[in-house]
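Engineer: Here is what each chain is made of, one letter per residue.
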Amino acid sequence: MAFYDSLFDSLGLSEWCGTDTKGGPMTMAELLAKSKGIDQAETSLWDLPFPSLDNLHASCNAIPRTRDMTSGVEQFFLDIKSSLQFVLDPLTQPLSWALDGSLWLFVTTPWWLLIGLTLLAVQLVTRSSPITLLVGTMWFFLLFIDHYTFAVQTMAIIFVCTGLSVLLGVPIGIAMSKSNRLQRGMIPVLDMLQTLPSFVYLIPLIFLFSITESKLYGIAIILYAIVPVIRLTDLGIRLVDQDIIEAANAFGMTARQKLFGVEIPLALPNIMAGVNQTIMMSLAMVVIASLVSAPGLGVLVLRGINNLELGVGLVSGLCIVILAILLDRVSKATLARVNVAQHNS
Amino acid sequence: MMTANIKVSIKHLYKIFGSDPKSVLEQAKSGVGKTELLDQHGHVLGLKDINVDMRDGEITVIMGLSGSGKSTLIRHFNRLIEPTDGQILIDGVDVMTFSEEKLRQMRQTDMSMVFQKFALLPHRTVLKNAGLALRVRGIKEAEADAEATKWLDRVGLSGFEEHYPHQLSGGMQQRVGIARALTSNSAIMLMDEAFSALDPLIRTDMQDLLLELQQDLKKTIIFISHDLDEALKLADHLVILKDGEVIQQGEPQDILLNPSDPYIEDFVSDINRARVLRVRSVMKPITDTPPSTSGEVDFDATLEDVISHSDGDTSRVYLVKQDGKTIGTICMKDLVRALVPRAASDEGIRSQVNAA
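Those protein sequence lines, which keep their order, are chains A and B. Mapped onto our numbering, the consecutive letters of the first sequence carry residue numbers 1 to 345. Mapped onto our numbering, the consecutive letters of the second sequence carry residue numbers 1 to 356.
Hints in this document: simulated from the structure, not taken from any laboratory. We put the CB at the ideal spot given by N, CA and C, even for glycine. Please note: incorrect hints may appear among the correct ones.
In silico SDA-like cross-links for lysine to any residue, where the CA-CA straight-line distance does not exceed 20 Å [as the list claims (entries may be wrong)]:
no.: 1; chain 1: B; residue 1: Lys102; chain 2: A; residue 2: Glu246
no.: 2; chain 1: A; residue 1: Lys258; chain 2: B; residue 2: Thr109
no.: 3; chain 1: A; residue 1: Lys258; chain 2: B; residue 2: Glu101
no.: 4; chain 1: B; residue 1: Lys11; chain 2: B; residue 2: Lys242
no.: 5; chain 1: A; residue 1: Lys258; chain 2: B; residue 2: Leu103
no.: 6; chain 1: B; residue 1: Lys102; chain 2: A; residue 2: Arg256
no.: 7; chain 1: A; residue 1: Lys258; chain 2: B; residue 2: Thr125
no.: 8; chain 1: B; residue 1: Lys117; chain 2: A; residue 2: Gln242
no.: 9; chain 1: B; residue 1: Lys34; chain 2: B; residue 2: Lys242
no.: 10; chain 1: B; residue 1: Lys321; chain 2: B; residue 2: Arg278
no.: 11; chain 1: A; residue 1: Lys178; chain 2: B; residue 2: Glu100
no.: 12; chain 1: B; residue 1: Lys117; chain 2: A; residue 2: Val240
no.: 13; chain 1: A; residue 1: Lys258; chain 2: B; residue 2: Ile81
no.: 14; chain 1: A; residue 1: Lys332; chain 2: A; residue 2: Leu235
no.: 15; chain 1: B; residue 1: Lys117; chain 2: A; residue 2: Glu246
no.: 16; chain 1: B; residue 1: Lys117; chain 2: A; residue 2: Asp241
no.: 17; chain 1: A; residue 1: Lys258; chain 2: B; residue 2: Arg104
Simulated DEER-style distance windows between Cβ atoms [what the hints assert, rightly or not]:
no.: 18; chain 1: B; residue 1: Gly31; chain 2: A; residue 2: Gly185; range: 42 to 48 Å
no.: 19; chain 1: A; residue 1: Gly311; chain 2: B; residue 2: His166; range: 48 to 54 Å
no.: 20; chain 1: A; residue 1: Gly185; chain 2: B; residue 2: Lys29; range: 36 to 42 Å
no.: 21; chain 1: A; residue 1: Arg127; chain 2: B; residue 2: His12; range: 57 to 63 Å
Please model the complete structure; the sequences and the hints are all you need to start from.
Structural biologist: Right under this line is the structure:
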């Protein structure tokens with residue numbers, strides 16, 4: 001006898017509800033009630049239960065329970081899985097290749113060559129000797145404490161994922177800045193991607209792809225990290241001085257000339273700020289992605305947690321901080337150079 | 001004045017801002033006022049029945065205070081703003097019939113524009129900024145640079161080619177803006193309050209530069225200004241705009257002497273008339289044998305020149321010469337009278353208004 005029995009009786013729906021056959025797994029409430037042996041006969045208004053799915057189900061079998069809903073979602077996902085895989089698998093296969101290739105390249109390159117090239121690139125991009133020196137020192141520290149290979153794996157993943165995020169995010173941001181409708185549609189999606197707990201990304205991906213495939217964590221990282229570069233590209237292009245856009249129109253520039261000659265160069269400081277954020281977010285995600293077999297420093301962190309190896313966890317955490325500092329300083333210095341080049345009085 | 005061809009002509013131009021401008025066009029045409037249109041129909045009447053002819057090789061100044069619609073009007077010439085109704089004829093061709101592609105071509109080759117806030121590309125050098133119009137047209141980099149260098153030199157910026165705009169002062173930035181417009185070699189130049197953001201002294205310099213360039217180049221310049229001194233100095237043809245309507249247009253001297261509207265009278269009362277008015281506007285055409293004269297003055301001299309010439313003696317009479325020929329006389333009494341805004345021209349206004 002449940003609280004809402006009389007409601008269904010008075011509505012004449014008891015037939016539709018069907019017989020009182022209990023089937024399927026028990027709900028938590030049922031389990032509790034059973035174990036405590038509580039009889040639900042007398043309920044006053046004070047104890048009025050909210051007409052939730054579970055409570056209604058107690059009176060009427062035709063109404064599904066909450067766990068039927070979650071299993072429904074699961075079932076739906078399983079139903080579309082094969083067709084989704086059919087489309088997504090070949091589409092995302094290059095990502096696996098890129099990640100595997102990049103990992104192989106970074107790891108097999110001898111340490112002295114890789115560090116030499118890195119320092120050269122940093123010097124060229126930032127034109128700042130202190131930063132190059134900082135990067136060099138930190139690399140040697142990582143080498144010294146034998147965390148170099150893990151760090152390089154992490155870097156290889158970030159390298160690919162950030163590159164793809166920029167490659168996809170900038171055009172999406174540009175499209176958003178050109179169309180108010182697209183912007184209105186995209187913003188909730190971006191909000192969701194940014195607020196969805198990072199672990200939740202992994203759940204549907206584990207269903208879709210084999211855990212041995214590197215694209216699994218690649219997609220998770222890209223989805224998480226692409227948001228800032230899209231947002232800031234959109235913002236940057238919308239913030240381009242309208243007077244200059246007007247001048248470009250007055251001199252008869254085509255949409256293409258305007259985009260590449262005016263809008264993107266003037267939005268570059270904002271786009272670069274977005275790239276900086278994207279790098280930092282992919283670093284955050286690459287650690288979590290070690291749960292789904294992403295190699296790198298995250299694996300050590302995970303080991304620290306799983307085996308309660310405090311030292312391993314803390315030291316690898318410190319190494320992640322070092323990587324974060326390197327990436328942040330280098331990308332900020334690049335951003336500063338872009339800003340100086342077009343400082344607008 | 002000179003007989004010059006009409007280069008740009010605006011006929012019955014209306015601009016209404018609002019959700020559905022076409023719906024209230026008929027009311028605006030039938031003379032519903034600006035406030036009524038806003039209150040009852042929620043539309044703003046930006047420009048109302050504008051008719052202006054701009055002649056080849058002249059500077060037409062469109063003057064009005066803020067909100068008068070002058071900046072809206074200048075953006076109609078190259079259709080940065082689309083009119084609600086009316087025609088814009090350039091060399092007799094209606095710009096409104098142009099396709100997007102043709103319009104872009106016209107903006108590239110026939111018209112250039114100078115902006116109040118300069119609107120230079122901050123990430124390009126002065127040289128590249130000046131050559132913008134040519135590069136947009138697809139002309140080779142080297143050729144564009146050569147042409148840009150030439151015009152930068154002409155506006156007094158040689159040596160600054162490799163600087164970035166933010167390294168230059170406001171006046172110099174606007175020189176780049178002018179060089180950019182000149183490099184495009186277009187016959188028509190639109191100048192939207194081009195000198196308003198500059199210091200008074202720099203502004204005078206730039207006005208002189210513009211007049212000097214204009215003597216050689218004879219472009220059709222449409223200049224927007226809110227400054228009457230500037231307008232009188234530059235204009236061959238002056239158009240005064242108020243609340244989106246042309247309230248008077250004509251030769252600047254003529255407007256100064258015969259303002260047709262109390263609003264304009266207000267405007268012109270603050271002007272240093274001695275410096276702006278010229279002998280030709282005040283003189284009397286030669287009638288019979290000239291009476292005893294104290295000397296000769298040029299027909300284009302300002303009244304200020306004549307006053308300093310006369311040492312303040314109001315009894316003198318001068319012969320007015322144009323290219324060595326005597327074309328009239330000016331007597332100091334008329335001259336002094338012309339310096340006082342109302343008293344001297346009172347009769348003139350009344351009779352003109354009544355006649356109109």
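Engineer: Which hints, by number, does the structure contradict?
Structural biologist: Of the numbered hints given earlier, the structure breaks none, since each of them holds.
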